[in-house]
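A.B. asks: Produce the complete structure using the sequences and hints provided.
What follows is each chain in one-letter form.
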Amino acid sequence: MGFTAVSGLLNGITCILMGAFVYFKNRSAEVNKSYSLLSLGLAVWSFSYFFWQISNDRQSAMFWVRLLTVGSILIPSFYLNFILSLLKLGDKRKKIFITAFLSSLIFIPFCFNNLLIRDLKPKLGFKFWPDAGTLYLPFLVFFFLCVIYSCYLIIKRFKKLSSVGQNQIKYVFIASVAGFLGGSTNYPLWYNIPIPPIGNFLVSIHVFILAYAIVKYRLMAINVVITRAGIFLAVYTVVLGLPFVLSTSGKNHLVNILGPNWWIGPLVLMAFLGTLGPFVYIYLRKKADAILLKEQLRYQDILKLAAVDMTRIRNLQKLLDFIARTITESVCIRHSAIYYFNPEAKRFEMKAGINPKKNQPAVIDLKNELVVWLEKNKLPLAYEEINDRSGNHPDFVILEKQMRLLNASLALPCILENKLLNIIILGDKLSGNTYTTDDLDNFLILAKETALATENAQLYGKIEEDIKQRTKDLIELQKQLIQAEKLATVGTLAGGVAHEINNPLTAILTNVQMLLRSGELDKESLEMIEEATKRCRTIVQKLMAYAKKPLAETAVFSKINLKTIINNTVAFLRYQLEQDNIKISIKAPAEAYLVEGNHNELEQVITNIILNAKDAIKQIKKSGIIDITLSQAEGWVKIEIEDEGTGIPENMINRIFDPFFTTKDVGKGLGLGLSICQSIIKKHKGKISLRSNINRGTVFTVTLPGLNNISIANILKDGGRDG
Amino acid sequence: MAKRILIVDDEAMITKSLKKLLAKEGFAPTIVSSGNEALDQIKTNDFDLLILDIRMPQMDGIETITAIRQYMAVEGKDPIPEIVITGYADENKYKCAVDLKVSAYIYKPFDTNEFLDTIKKVLEQNNK
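Just so you know, the protein sequences line up as chains A and B, in that order.
Sequential numbering from 1 applies to the first sequence in my numbering.
Sequential numbering from 1001 applies to the second sequence in my numbering.
Hints are not guaranteed to be accurate.
Unchecked claim - Here are the computed distance ranges between Cβ atoms for each label pair: (1) B/1121 / A/587: 27 to 35 Å; (2) A/701 / B/1126: 51 to 59 Å; (3) A/516 / B/1045: 40 to 48 Å; (4) A/619 / B/1126: 37 to 45 Å; (5) A/515 / B/1121: 21 to 29 Å.
These are calculated hints, taken from the structure and not from any lab test.
For every residue, glycine included, the Cβ atom is placed at its ideal position computed from N, Cα and C.
C.D. replies: Right under this line is the structure:
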């Protein structure tokens, strides 16, 4: 038995197995049925070929040659039928198939006379090889017409298919050409052309690839199929072939060595190779997969890492952009889109996408059939798969339409706790390869991680929004409290002014009414009225001096003499301080203490510290003194305000500038005054500090950069506090 | 006999004005400028009415009233009615005056007629 016999046997086994596999995969599908029929025809031809090759007598050989010729007559019409089914042209071209089939039937009766097979002769080492009869050439014309027409249909339909479909058909075309050409290497010898049938084994590969074309979607990339099939054939050709060669060509040698038990040699060899065969196959397959699937393994690793990285992304938009970009770039697909479920609008909205098509819908309704399917099945949906099945299932027709509208080759559901959060739409791979089972498994994991990461991002988004809102509320509240603090201070100051001005007003009113009652012009009364009026004027002038706004906007910095500010403030506060038995003294020997600053804000600081000093003194004594000292050195101007009040405990000094911290009784202050002072001084690139002793008093020190010391001011960043 | 009124206020233009007014109305006003001076006057003279400014340095109107009442109680003398003069901003002091149950309060700057009416009312009530 030679190589050709083995190839025939292998072809036959392959045809039967693949035919049965494809048939039982989907008995109702036309393409599956037509493939199985083709496989049957090829099986008849292959097995007949095998038995013919191992025939020892002419009669048996002739029988098998006739049978294989029957097979080869049916093969072209069955192949045409298969191609018509694969391209979904079965209905339109039914007449063509019927014509081809009936035409083929015409040749069958001639198998049993010499019009097709004239004789059997030894040729090129083969014991019994047919001579072509008269009708053999017409048969061959018919044969090749069918095959060429099938190839024409493939080429014509090619451009109308999706890129995945084109990729599939490309391999079917190549496999068809290879299979028929390979099988056709048998024919030259029929006409005594000395070409051996070396291409016979290509029939098996042809059968494998055609099977894949039908059951393609959930298997693997076609190049992997071809490679694995090739490895399988090569390995098992050796596993089976070597023992057969040994038992035929090497029989004589074995007999010489082993005698009547010569068969032990091939048997042992077969057992050994049979045991070794699967391991060799697996090893070679792994090596081939590592090369062929290198790209797939690369992007599957990237996606696994991405699944981990995405859980760290807290911003929803950034997350969806990241996922779309990662999948598109790593898997090398044409386009992608991610639809996110908007709970308020109750629909899916496209939030991210790479190279989305112009007609890509912006929203998907909840009632969309694709959404319903994904929610129910919780599995990825591939366009090619439903495209194949839409012919015999009405639901798939609708799904196919929805997938087309969404430009989807693959739709991935991102589900968490039975809620569909996102739908990831993927376009075709740039390579034209299908999405394999491994791809779908990995994408499903990615989809689950995406759902988890989406929920996390939603949660963080909500928390962030809450925090932003609360911060906004707090800032607003703080502004209101600062305003309240300012108003409270203004209230205190206004109270002092009101009291001060009430006295001369009382004198004026009393004297005026006295004059009116008496009707006489009393000189003493008039003098008292004059004095009181002048007093009012002085008070108003003091008030204006204190409340004076600079010509420019109140927030603007300008050149300021701190001595003037302190004098105005003390003049303004002196009356009410004296009412509380507080004396105030100023030591400022220089003419001017110039700084760059805001008039109103610095006045606010001085006022606040002086009023605090007054309150501190009043806590422990009926009267006291507040000393204010101005000095300047090394480009800095220093103001020290010292009181002899209650002092600040050591453990409170570090908190004295904290907002809402107060040593006063409840209701006596908001605790914002010194906090505001610190903010103002910081803004002036200065420093505010204090030192204090219990029941002996406190000294507040404000240091500001002198007018010519802006460079130091730029270096100094924070105000501080000392104990 | 003219009613003797002690006016206590650290503001000279007020005490001078009130002295002039009350003298014209037939009262016998005495003016002092502090709580301590008032207490000294009480110890040496008799008065029918006290008019005090509530806000004074050293010893304010409340403290002066308290000291005078204490003195009168110790000496077994009849209490002297008090009229407190207060500004609108002296809310806390006003509350203290209310707690002390002084005879009347007048807000500065006050109407002269109202002021005189208040004095007459308080003196009449005290006579009863």
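A.B. asks: Of the hints given before, which are not true for this structure?
C.D. replies: Structure breaks hints 1 and 3.
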